[in-house]
Every structure is written in C-alpha cells, then in structure tokens.
Amino acid sequence: MKNNNEILVFDTDPGLDDATALLLLSRLDRYPDYVVATYGNAPVETTYRNAVVLTRFLGENAYVAAGASEALTGAKHTFGDFHGIDGMAGIAEELTERTGASDVLRRPAHTLTDLAEELKKQENITYIAVGPLTTLAILLRDEEIRKKISRVLVMGGGIRQFNRAHDAEYNFAADPIAVGEVLNSGVDLTIFPLDLTNEDASLTDAQIDGLEAIGTLPEYIRMFRHNLFQTESTIIFRLRCCTTRCPLCTPDSRSRFASCR
Amino acid sequence: MKLRSDEWGHIGEAEDGKPAKVVLSCQKELLPGLLKAVFEAEKKKMT
Numbered sequence: 001m002k003n004n005n006e007i008l009v010f011d012t013d014p015g016l017d018d019a020t021a022l023l024l025l026s027r028l029d030r031y032p033d034y035v036v037a038t039y040g041n042a043p044v045e046t047t048y049r050n051a052v053v054l055t056r057f058l059g060e061n062a063y064v065a066a067g068a069s070e071a072l073t074g075a076k077h078t079f080g081d082f083h084g085i086d087g088m089a090g091i092a093e094e095l096t097e098r099t100g101a102s103d104v105l106r107r108p109a110h111t112l113t114d115l116a117e118e119l120k121k122q123e124n125i126t127y128i129a130v131g132p133l134t135t136l137a138i139l140l141r142d143e144e145i146r147k148k149i150s151r152v153l154v155m156g157g158g159i160r161q162f163n164r165a166h167d168a169e170y171n172f173a174a175d176p177i178a179v180g181e182v183l184n185s186g187v188d189l190t191i192f193p194l195d196l197t198n199e200d201a202s203l204t205d206a207q208i209d210g211l212e213a214i215g216t217l218p219e220y221i222r223m224f225r226h227n228l229f230q231t232e233s234t235i236i237f238r239l240r241c242c243t244t245r246c247p248l249c250t251p252d253s254r255s256r257f258a259s260c261r
Numbered sequence: 001m002k003l004r005s006d007e008w009g010h011i012g013e014a015e016d017g018k019p020a021k022v023v024l025s026c027q028k029e030l031l032p033g034l035l036k037a038v039f040e041a042e043k044k045k046m047t
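Chains A and B are the protein sequences, given in the same order.
If you read the first sequence in my numbering, its first letter stands for residue 1, the second for the next number, and so on.
If you read the second sequence in my numbering, its first letter stands for residue 1, the second for the next number, and so on.
Possibly wrong hints are sitting among the right ones.
[Unchecked claim] Computed list of lysine-lysine pairs in BS3-like fashion (alpha-carbon distance at most 30 Å, straight line):
id, chain 1, residue 1, chain 2, residue 2
1, A, Lys-121, A, Lys-147
2, A, Lys-120, B, Lys-21
3, B, Lys-21, A, Lys-148
4, B, Lys-45, A, Lys-121
5, B, Lys-36, A, Lys-147
6, A, Lys-147, A, Lys-120
7, A, Lys-76, A, Lys-121
8, A, Lys-121, A, Lys-148
If you are wondering where the hints come from, they were derived from the structure by calculation, not from laboratory data.
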C-alpha cells in the first residue's frame, strides 16, 4: 500500500491517542517503517517501551528507536497522568509480558544516533510527528537527512483551541525552539492543528459501547474507556494523519473502510 | 518566507522561505467509522 517506495517514519509519544494511530495505520497496511519514541506524554523510557510493545502486539516489524528525552529549550518537562502513569491506561505491563518485550526495558535497541545513520540510507521519507518536535528538529540539523525527507506531517499547534495553557498546544509548547527549527528548515511541511481533533475526531460513550459489542481488541477498548473516564463525555485522539485529509490515506485504502464514509 | 515560533510554540508571521501548509478541516466522524471497520475486521478474523 506504500506509494513509490515511500519510507514512513512515525515520531510519537504513546499515549493512548498515538496507540490508536498505530492501530489504524496497521490496519491500513501503512504501519511505519520506523517508529521513534520521544518524551511527551511520558518519559522517553516509557514511550519507547510502549512503542515496542504496541508494535509487537499489532504483529508489525518496524524499527523502533528511542528519540529525544528532553526539550531543546532545556526546560524540565512535566509529565501528566492523563494517559495513565504508564501512558497506556495501565495495560503496558500486561502487554509487555504478553509480547515478551521485557528486554526492551533495559536499554533501547536503537538510539537517535542509530536512527540518524539509518535514515541516511533511505530515500523519499515521509516523516509524521505527533508528539514534541525535538527529535525531528535534531534530525533536520543534518543536511544529509533533511534531503532524504520528502515531506513532514505534524500534529501540533492550535488556531483557536489549546490544551496546554490558555493559549498553547501541548506538542508545540513542549519545545518551541524545536518548532521554530522545523518551521524554518525548508522541508515540505503540513500542520494538522489541535482544532481538527477536538470536535470531529472523537468517540462518544455510545460509540465505544458499539465497538465493544463487535470488537476483538479488548486492550484497545480498555484504553478508550480510560480516556473516556478522564474526559467524562468524549475520548479525544490526536490522530490527525489517518482521520483527516492525510495523503497517506489514499482513496484506495479508504475504500477498504466503506463504513467510515 | 520564514515561519517563526515564540516561546510558547506559537507560529508567528511568515517572512521569507517556504510556508507550512495548515490543514483546517477534516472529515467529520471519520475516526469512529475507521475504528468500527477495524474491529469488524478483527472479529471476522476470529470467526
């Protein structure tokens, strides 16, 4: 389902929302070639573990690397518990055992340095970032890597809606220096702001009930329920690349999900 | 034109360089439908 030998990099801080993004990408046959974990919803050690166990749980075989652990601003990042203390509504340990991934808790198989060298071997990279932009900014400082990246899709920023402060969106506010570097890097950049997600890309209690009735992925239902509890009325995803107008979702791939139209 | 961000990550005015494209709308209720399709496919695999 890939376009023209496109290499897909997914820069993420899972997180229930990003876990859902990975589920949908997997079922669209568009699972990333590279999954890069960054600090954000949880420390990078935690998001890396989550990225590994989700990849294994979904039966995918992606290169998973540990990305940035702190912002370029040098500011100490504060981690909340919106996604549960493990970033996965309390099921990360269970998934770790079930997937036999306990080894990844000791040290990452691939570091940011490893990833940089790996990306230099590739061409036609589509880079999706749905967490803080620190890792991407660091990679773009390398001219050789920048030339390999055909386009960048970013979930971040807000126009009228914000979730970090009264006038800031979480991903951009986490590392404004990185945001500035990415914006000025000259890459082909498309931004999906928070506004897209708060109204249209949400699940209601009734919709989750419906999924539970037909579903065979109870782990994901548990994640939805957790987030539903947190927000009382809806579950909100930061999944912009599959649910909006992302060019990754071709008409052909969307047609496989006829019920969504 | 160049794009800038302030200390909160806000996107500032474009100066020179290549501006970012900002997607301003999405297909309403696409996510629930996608998820339903995923879960239905999973159910079929199980039966």
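Unsatisfied constraints (hint numbers, rising): 4, 5 and 7
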